[in-house]
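Student: Using the sequences and the hints, build the whole thing.
Under the numbering used here, the residue at position 125 of the sequence shown is numbered 125, and the numbers go up by one with no gaps.
To be clear, the hints were calculated from the coordinates, so they are not data collected in a lab. Source: prediction; values computed, not measured. One or more of the hints may lead you astray.
Unchecked claim - Below, in silico cross-link-like pairs of lysine to aspartate or glutamate (EDC-like), each with a Cα-Cα straight-line distance of 16 Å or less:
{"hint": "1", "residue 1": "226", "residue 2": "257"}
{"hint": "2", "residue 1": "958", "residue 2": "321"}
{"hint": "3", "residue 1": "388", "residue 2": "345"}
{"hint": "4", "residue 1": "958", "residue 2": "314"}
{"hint": "5", "residue 1": "205", "residue 2": "972"}
{"hint": "6", "residue 1": "205", "residue 2": "257"}
{"hint": "7", "residue 1": "958", "residue 2": "311"}
{"hint": "8", "residue 1": "923", "residue 2": "897"}
{"hint": "9", "residue 1": "910", "residue 2": "972"}
{"hint": "10", "residue 1": "388", "residue 2": "298"}
{"hint": "11", "residue 1": "923", "residue 2": "219"}
{"hint": "12", "residue 1": "680", "residue 2": "644"}
{"hint": "13", "residue 1": "274", "residue 2": "240"}
{"hint": "14", "residue 1": "958", "residue 2": "298"}
{"hint": "15", "residue 1": "624", "residue 2": "703"}
{"hint": "16", "residue 1": "742", "residue 2": "703"}
{"hint": "17", "residue 1": "923", "residue 2": "895"}
{"hint": "18", "residue 1": "910", "residue 2": "868"}
{"hint": "19", "residue 1": "238", "residue 2": "277"}
{"hint": "20", "residue 1": "205", "residue 2": "261"}
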Amino acid sequence: MAGYGPKRGCNRALQVSHMVLALAAGASAMSVAAAAQAQAPAQTPAKTTAAEAAKPAPVTVETTAVDEVIVTGVMVGTAAKKANVSFSVLNEDDMSKFTPISADDMLRDMPGVVVESNDGVARNEVFTRGMTIGTGANTSGYFWTTILEDGLPVVPFKFSGFQDGYFYRADISTSRVESVRGGSSATGVTTSVGATFNYITGKVKPGAVIQTRIGFEGEDLHLSWKQVDGAYGWVNDKGDFGVGLSGFYRKSSGQVDPGFDLNHGGQFKVNLYKDYDTANGSGSFNLIYKHLDDTNAELTTFQQPTYGYQDPEEIPGFGRDVNLFMNGGQQTVPNYFKSGTHSLDPSDGYRYKQDALSLRWNHDIGERLTFTGAARIQKSTYRGQSYKPQGLASLGSAAATRERFGLNINNLDRTPGYYVFTNAAGQEVARVANNVAGSQLGTNYRTGVACPRVTATTFQTASLCIVGNTLPNRDIDMRGGLVTATIPSADGSYNSGTVPTGTSSQDLVLLTRAEDNYRESVDYMGNFTATYRGDTWSVNGGLYVSRSEQVNDNWANGLGVSAWADGQVQNLNVKYVTNGGASYQLTDAGGWGSYGSGLFTTVSQRARIMELSPYAGFAWSPNKHWDFNASIKYQYFHARTYSETWDTRNSGAASLTNGGLDGDPLTVYDNVYMTRTASKMIGADKDLSLVDYSVAIGYNFTDKHKIYYRYTDAKQPSSGVVNRYSTAATLVRPLGPTAYIKGHEAAYTFGDRRFNGQITYFYQNFAVNDYPTAVDTDNVSTYLLPENFNRYFTRGVEAWAKWKVTRNLEWNPSVTFLNGKTTEAYVWLNTGANGLGASDDVLRVDAGILARSPKWTLSNTVSYRYGDFRFNVRHRWMDVRKLNTNSLDHRYLPEQDNLDISVQYSGLKKTQVTLDVRNVLDKDYISAYDPMISTNLPTNVQVYDVVAQLPESGYLIKRNAPRSVWLTVRKEF
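Tutor: This is the structure we're talking about:
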């Protein structure tokens, strides 16, 4: 593990980061003396009315980033510097320099933000300030953070597999992204104690824009991405009424080209606004309708097999762009909890649809009183149809035969016979003998020796014998060996064993399964705020209301076995032929068997959730030096849920005469299925009240230099309400909170038009409660363990700057230093053997390095203009990350080092051409890895023991994307 230990790269990170911080501090200090030269004199209009003079000056190119008005994480639009918050803003120019693959990808250059964006367009993870707990999968990637679209949540009540990033796509109409990290983010429109990211639609502009983009991805740089964006706007002569249309359509086969489009779909928006001015005040309405219909693949599903992971050796036939997407597999699946069937196609991917109608309104009465409101009605749906590899297994193992297809349930494996595997063309590709009750069928195809005779009447390990195998890659070996546990046994000894066992190291096949689900949320949201401004103070109050009706349906659709080869993943047809000649079909036409099993348990869940949150804020600037801010929000939640679980085997499952769903005993694939479990028909009615608050004080040394301190106490409301109550044991769970944070931050904000930015020190204590379940005295019934908040903290510094070095040269650095720790994480272990129920539960408390949290993260973007050209260079570097908190687990993810360049040309009339090369040096780093040897391990041997002691064995790794080239042409009319 020395190659990926925590100190690797630390010296380089320290040097670069200290230099950036020193430059930021030094340059900001010099700007005090140079303020007169750095700030151009403001131009005063020749004539202005008193009312016009009293209005804030409009934002221009001379306005610094710290003076821009932000509307995120604050009660009302406020100059960023006066808001006393840790913020970042991306404008249209920032977003144009490089090609973002997703909306999440835009956030990677913001300080304190880590984006795990290996999954492409959607299904990514976003966390801030090292708060990785709760975001360990792409199904919960926004546990601590929230995406707003024009000020209201994209997903007001998220749950597993239904996250913010699934339903937001930035398009040509997106003009600005605001981020507020920590602090008042917790008391904003929707609670987000980690960070809030607000994607803002730009104002309607007269004219039209067409933008085309093509991308070349993969090691062979094939044409993979084709996208067209368009926008049209009309504004009347008075400029007080306008209508805009915008949208995109995109098709992409991705880095790996499976022969079909992994991403396809698009979005369109209609944007209408009306300004008005009456005797009772002035204001505006803005009505936006959005229709999203986009299908995307999950790219991290597929991992490249190698020998070793530190300096991996490629296994022949499996390149960096290995195609392990599934062919075929179409199936008709019983609905179970409603009549009829539905179709499943594992190559369809994930389809995200959202129809949203939103209205924004603001009204000013004189110079003192302002009303703002927003409302949004939307329907979001998610249809998941995607193949998920479960792992590798030898054809000669129970995992690929009897256990895979339910012969251990109906006891068909007690009759001697053969498992026969055929491909889509009907050709036999493998045969495995099953010897039992004194039989000795077949000859081992590798050794030429007769298979062992097995006298026992029940299945034995020696029962299975591979008598034929023409599948590809059958000779690949896992390269196992002796592994010793690092966890002692009860007698103090350390168990050891050779893995994998027996002949399970070769003849590998891919165990397949598929995601089959439907999720839906119909949401109604409203927000109203009133603000009154005095000469030196302002006070505001408001109400946020949200109501959702949610659906979560999952189906167990069966299990399969496939060849393991590039471009050849397709379920095999499997049957069991007895020694007497009877033939039992183990898989359906799509290669799926054992209908009662699958990626998910069959469940049908519903929820009605309501949030009612009044809030208030106060700001006071008694003189030019001091700024005080405070905000508080009371949250009331009410939820009604209903859950049905279908996990009881059908009554005839153990009988060979059972005909299953189709009535035919010989079609074994549907003979074992699940029925509704009476004890798991669960209804719940819960409510919850929470109070969040945040206070801050700031001191302005001058109008360009300021410090502030902020304290926040906030609770994360329950996530996953719709699937929170599924058993009787879970009914004692409260609705929340599932997490809380108590945070301190102190910041220095500086800037003039040439050099501005912010340096923030933060210290956050946070906790997560997963309310674990355990096994009762009968070793079957579950009960809820005591409430335990696993406690963590992060502290560090996040800094960013925008430096206009010369008229043509700009540098935008950002740096984050993190030192996060797990204070105490509770792990309940149930021994079960002594039948004492709760009395035999053993508590283990873990402490140590915070999982997946990099110590250093650096981002630097340099832009230089030369005539009609602009050259952009972006460098990102992330430190090593420990995979988990367990002190016995020494696995680290390696550092990430990436360089992108782009060239923009604007010499043609109203036309801009951008050539973008991502990962220009074609750097290769590993973003995830797992050993092939991960199951059937000796007692107390853990996966991390295999990694530490067999570093050159077989691994499944996920690398970053190779060099890619993107060409974008934008034309305005």
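Student: Against this structure, judge whether each hint is valid.
Tutor: Hints versus structure:
| no. | hint | in the structure |
| --- | --- | --- |
| 1 | 226 to 257 | holds (14 Å) |
| 2 | 958 to 321 | holds (10 Å) |
| 3 | 388 to 345 | holds (12 Å) |
| 4 | 958 to 314 | holds (12 Å) |
| 5 | 205 to 972 | holds (11 Å) |
| 6 | 205 to 257 | violated (39 Å) |
| 7 | 958 to 311 | holds (13 Å) |
| 8 | 923 to 897 | holds (7 Å) |
| 9 | 910 to 972 | holds (5 Å) |
| 10 | 388 to 298 | holds (9 Å) |
| 11 | 923 to 219 | holds (12 Å) |
| 12 | 680 to 644 | holds (6 Å) |
| 13 | 274 to 240 | holds (6 Å) |
| 14 | 958 to 298 | holds (13 Å) |
| 15 | 624 to 703 | holds (8 Å) |
| 16 | 742 to 703 | violated (30 Å) |
| 17 | 923 to 895 | holds (11 Å) |
| 18 | 910 to 868 | holds (12 Å) |
| 19 | 238 to 277 | holds (12 Å) |
| 20 | 205 to 261 | violated (34 Å) |
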